[in-house]
Amino acid sequence: MKRFAALYRELDRSTGTADKRAALVAYFREAPVEDAAWALWLLSGGKLAASRARIANSRELRAWIVAESGQSEWLVEDCYDHVGDLAETLALLLDDPPAEDADRPLHVWIERELLPLAGADEALRRDAVVRAWRTLGFDQRLLFNKLLTGALRVGVSQRLVQQALAEMSGIDIARIAQRMLGAWTPSPRFMRDLLTVEELPGDRQQPYPFFLASPLEPADGAEAAARLGEVGDWLLEWKWDGIRLQLIRRGGEVALWSRGEERLDGRFPEIEAAAGALARDCVIDGELLAWGDGDDRPLPFTALQKRIQRRKPGFKLLAEAPARVLAYDLLELDGADLRAWPLQQRRESLAALVHELADTRIALSPLVEARDWTEAARSREDARERGVEGLMLKRRDSVYQVGRRRGDWWKWKIEPLTIDAVLLYAQSGHGRRSTLFTDYTFGLWDGEALVPVAKAYSGLDDREILELDRWIRAHTLERFGPVRSVPALHVFELGFEAVNRSSRHKSGIAVRFPRILRWRRDKPAAEADRLDALKALAR
Amino acid sequence: MPAPRDLVELRPEGLYCPAGDFHIDPWRPVPRAVITHGHGDHARVGMGEYHCSVGSLPILRWRLGEQRYHLHEHGPPFELGGARVSLHPAGHVLGSVQVRIEAGGEVWVASGDYKRQPDPTCAPFEPVRCDVFITEATFGLPVYRWPDTREVVRDIVDWRERCAARGEAAVLFCYALGKAQRLLAELAAVTDRPALLHGAIAAGVQVYRDAGIAMLATRAVADEEKGRDFAGELILAPPSAAGSTWMRRFRGAQTGFASGWMRLRGNRRRRNYDRGFVVSDHADWPDLMRTVRETGARRVIATHGSTDAIVRALNECGIAAEAFRTSFGDEDA
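Respectively, the protein sequence lines represent chains A and B. As numbered in this note's numbering, the first sequence has no gaps in its residue numbers, which increase by one up to the final residue, 1682. As numbered in this note's numbering, the second sequence has no gaps in its residue numbers, which increase by one up to the final residue, 1019.
Hints listed in this document are in silico derivations from the structure and should not be mistaken for laboratory results. Every residue, glycine too, gets a C-beta built ideally from N, C-alpha and C. Do not take every clue at face value.
[Stated by the list, open to error] Between beta-carbon pairs, the in silico distance windows are:
1. B:752 - A:1600: 52 to 62 angstroms
2. A:1376 - B:886: 49 to 59 angstroms
3. A:1610 - B:911: 38 to 48 angstroms
4. A:1402 - B:853: 21 to 31 angstroms
5. B:886 - A:1605: 18 to 28 angstroms
6. A:1610 - B:1011: 17 to 27 angstroms
7. B:834 - A:1604: 36 to 46 angstroms
For reference, chain B alone in the conformation it holds in the complex (with noise of 0.2 angstroms):
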């Protein structure tokens, strides 16, 4: 008797599960996709049909227009060819899902993107039992372990308010799409005074803001009157706006980052930035190791990231480890 085939595979154009007949994210264009989440390295244009979470829709449909959706509510199965498919949150960004495959009597979940921190924009991580885990590692190391947000957020409050008082505007890089609005609606908790936002952001505010997401108020920059002295204000901008034209506006400003990757002091005074909040819409290595134990999994698939160390420390544990070079990570962190 043949060895039973995996029920999902790297092929070309992304992964495949061969029972139902679908890819997952895939990073070519395929007949029929099942969709984790929005974010651009995840989700692209030119498949036949997008399988994907009712809450993701808003995201999809901003990023990219008009397609042929299915849409699925969290935990009821469908069919997709031999394969009983369903979508679980994965606490990621807005909509975020897992999706778990049964057939042949075999339990597969990707994990997508996720993070187990709580997240006032979107569903929280519920594990999945399973036996084969197919995970994101993109801080697969045990250095990266992360602050309590609500504390970061506070940082982020006092640091606005040093600048003020030194007259200078406080800009923080953010990525446009789920880390932005998450900081904004944990600030909401701990100040009223408005953020204000670049133009890359503001779309994506306005999307979460529509889907009943409770934030900060926000105004536009570009809304604001020529020549306005932007002292004390919280600037929320994408990283690209680093260094361009569009900061001149602020004269005196100081700068920060909000990302994961901030938890090293080098990698923040490698950019240059004045500041490093760490914050991140991926899980840290406790609780990537946590979240594998939590599914069962015998075996787990790494996807991106730093693959190499995960997959030596789960072997290590005897689970069987291995890495997919997968299309991945580019996006956010």
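With the rest of the complex left out, here is chain A (with noise of 0.2 angstroms):
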């Protein structure tokens, strides 16, 4: 595990993304294929076991390791406050061993010491974590305890992983991407197919990767759209609010894959016998929406939410929130890849198939047509109206490519809707924020109570967050775990996309995306702004 401690510090510290990709190559070179597999397993953001087969919660962490290190109870978690991380705590509070035990690979402590401890008694299993505690050096230490924690969160993207396999292996990135998604198991096996130059079955039955758009910036775009060029260059498309899926039609058989890279078979079973009426094998990249009959706009996401929780929707469900894809783009037609074709022509032959089949639940995403990106900006005013979320900007000759890449799709969202609400609660947050308060909870006046309506983390600057965090510590009230709730005094204003009414939010709402856009100093909290006026918003 040693070799896998000192990629996890490498990757920690490298602020660049060619020195972590060099660490990278450097691992994957040297591991063994079994230790290689379970790395790529938790680079890619796995967890050792599932939440129920936890070998240990976090409640039963600390009571272990307020055993082992000999301090108070409230004083480990004042540590863990002041840490924000908790493998990191139950690595700092033990003293390193005065010599470590020979290595064991990683793939050892996984599968013979880890996995079968997996709902075993408690005793057994803190005894076998306490042993590791005392054997392991910190970086080891630190390692083990994240595999009991939960995922790495090293700073590693998917895409970084992939191009350091690809350059190590040789195998064209787009291929190593297209054998990972979807569900697989840390095995050498695995890993070895997924090295393989050889064509595999399996590659016929996978989706491909996803192209994503950047946000164009400024957020307003007006001036960014106009630095694009010709219009006539680029295609337009309403911005939908649902899920981007692939629909694949391969030999007869249909599956949909969420991007998420989840796979949505029995969820969706008007768009399955849909699909399977379509005249010719193909590979469709689209949105996933809810739209009820006759309707002429979606139905609000929270109704698509309701179906995607449904492995088996009833029949009521499916009359309530009847679902349709909006196809984008075609990436295979009869089993030819088309993904270096210009979209244009993709898009074509898009038409071609989605017509033919002529069933509403399968539809061409409209163009939006714009003689300049003055008129372009014009109909991006009405997305809200129309319930989408902005406009789609395509180069029409662009290929489509892998992950988010700068340059030929774009998407301009509308301006957000905004609030000013009031802090009520605060937590630690993750990897370079650990040890500062920036997770945020606000919440909205409902009479004479504050009532939560949203967590924001993003959207303050370097130094505020440091004053509201040095102000968090001080004016604590009360605490729940880790979480803090503190007075109402500080109101920020908060941006989202969309209001939603919703059941399962003790508000009433849910707000979509929604962001911390400033700090309101000027703002005293009796006049943040009143739920009512946020349920007027929602749909």
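Build the complex: two chains, separate frames, hints provided.
Below is the structure:
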């Protein structure tokens, strides 16, 4: 495990992606394949075990460290507050052993020590964890604790890992990315298949990695859009607020994949039925939306959310929130990969295919016509009325790339809705912000009480974060585990994309993509907005 | 009979000893001050007279200029008003001392800043038995435990070699007075390649050299040829130089910070250093607790740092503990 702990330390230290990639390449070159498979799993955000089969939960780990370190429970909590990261706190509270035991490979630790413990009696799990704490040096102890507490979060993107694997193996990164989509298990066999030059049968059942648009900055974008050149070189579409998906129809079988790399099979039977009637094998990139029959705009996102949660939707839900796909792009036709074609040409083939199907459940996402950027900007103003998030700008001759690449595809979102809300709770952030309170909960007035309506993590600059952090520490009213409540004093302007009614939230509403726009130092808490005002915006 | 007065009280101008009519490290002008060491948050201009250790004089004279200094050796007591006062090494920086006060049958010790790790640039901390111990608590949480400084110094040399291999300079930020000199003294044991110094550090290094402290050979960055390549050099600079125009001359450079705060990854990342090296001139948690035990004090007053935690932890072990809100602790760590 020393090798992986050293990689973790290296990645944690590096500030540049070139250094990180070099460290990853070196690791994957040297590590035995059994270890490399687990390393890839963990670096991709995978956890050791499903949450129900956790080897230790946070409460147990804290109890065990209290006993092992001889410190009082409150003092361990104070330390956790101060450090902001449980795995690190656990590692910091103990001294290093005088000498480390002989190194055992990562996969041996995981497969022989940790996984067999899942679901065992607490005493057994505690003994194994404490034994490891006593024999491992700091770097390995930190990594070991990270394995217990969840994802690694070491600032490595999926793409960076794939770049390293591509560099090391000579396999095309697109193929590696494609092979890693969906569910896989960290085994030597998976690792060998991932990096084989041969064509695998599975290669034909996988979706393609999604090409993602970048936000057009600055937020109002009018000037930025003008810099994109002739409007005629671009295809303009609505930016739908649904779930991006790939509809795969190969050899008569249909599969739906979300951008979150989940198979949606069974959840949307009406889409699968419609796709079954497609005349040719194909892979379509589109947006999944809930859309009532005869409506001129989609149902709010919350309707779609209900559908996703239901593995086998009942008749009632199917009628209440029928789904449809608005097709953007055609990635494959009759087994041929079209991604290198210009978008214009892909779209023409897509239009023909969808036209032939003649089923509203799989329809072409309409183009937005504009003679110049001013007219495009005006269309964008209508976006909220239409229930969309803004415009997508795609270069007519763009190829279908992998991941978020700037230049050819832009999302031009509408101005956010805003409210002035009061800071109610704060919690430590992660990574670079792990020692600071940076995760905030905000509330609005409902009668005499403040009701929480949104959580936001971003939008303040470093200086404001530091100032707020100090204030939170000095004015904590109550602690609920890692969460602190503070006096209702500070008001912040929050921006968000939409407001939906929701029975899952105490306030009765759910806001989409909330973030902090600015600190309203000029506004006393009593003048923050009322919940009714937000409810009036809901749909 | 009224309760006997405390030997040291917190006054707006600083810690005050009524029995001896003097202040310890005051932050506002007073007639008579006893100074523990020369850092800016402990030694300030404007006092009528300064009682200090012989060893601390070079730093005090450099920082404060000519003043009415009364010099004292470690150990032998002297009378101030109705109090018997003596100075004992604190192991923090060159000449740093604790102040022992005896009056009315009670003994109080004010620690100033201190550490228990070996440091070739100053006399080691000496535990002094007392009834009441006034302690610092800069790193008063059990997550702060220091590694062996010799190991850390080897890491610094390894880092410089890695930088050299990449054609980069290694710029190590550290506090200009105390930490820089301690690092140079420790580095002398593992390398003989000279280090380069930022101007703010060079002056302090000269003070230490004049006091006879053996350190790694050094040169001033300012004296180097214009446009020279600094790849592979170890350069010591104060943290304030980070991000300044002074840094531009190194072109490719990695940055490191030598401080106890670097024990936490979040602190290093937040300040965007490439590397953090855990070296502190303050006691870590185990040493704070050990020191309190070794003084035998029945009462402890914490002056700066994480005072809440140490006060509560000591109270749990049956030692009466409280905190003074002082102006110490902004200078260094």
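Point to revise | residue 1610 of chain A paired with residue 911 of chain B, Cβ distance criterion 38 to 48 angstroms | key: At roughly 44 angstroms between Cβ atoms, residue 911 of chain B and residue 1610 of chain A fall inside 38 to 48 angstroms, so the hint holds.
Exercise for review: Given the hint of 52 to 62 angstroms, check if residue 752 of chain B and residue 1600 of chain A actually sit that far apart at their C-beta atoms.
Suggested key: holds, 55 angstroms
Review point. Do residue 1376 of chain A and residue 886 of chain B keep their Cβ atoms within the hinted range of 49 to 59 angstroms?
Key: holds, 56 angstroms
Check your understanding: At the C-beta level, are residue 886 of chain B and residue 1605 of chain A separated by a distance inside 18 to 28 angstroms?
Key -> Between residue 886 of chain B and residue 1605 of chain A, where Cβ atoms are some 25 angstroms apart, the hint holds.
Check your understanding: In this structure, is the beta-carbon distance linking residue 1610 of chain A and residue 1011 of chain B contained in 17 to 27 angstroms?
Key -> Holds, since residue 1610 of chain A and residue 1011 of chain B (Cβ atoms, about 20 angstroms apart) stay within the stated range.
**Study point:** Pairwise beta carbon distance, residue 1402 of chain A to residue 853 of chain B, judged against the given window 21 to 31 angstroms
**Key:** violated, 41 angstroms
Exercise for review: Starting from the hint 36 to 46 angstroms, judge whether the C-beta atoms of residue 834 of chain B and residue 1604 of chain A obey it.
Suggested key: holds, 39 angstroms
Hint compliance for this structure: hint 4 alone is broken.
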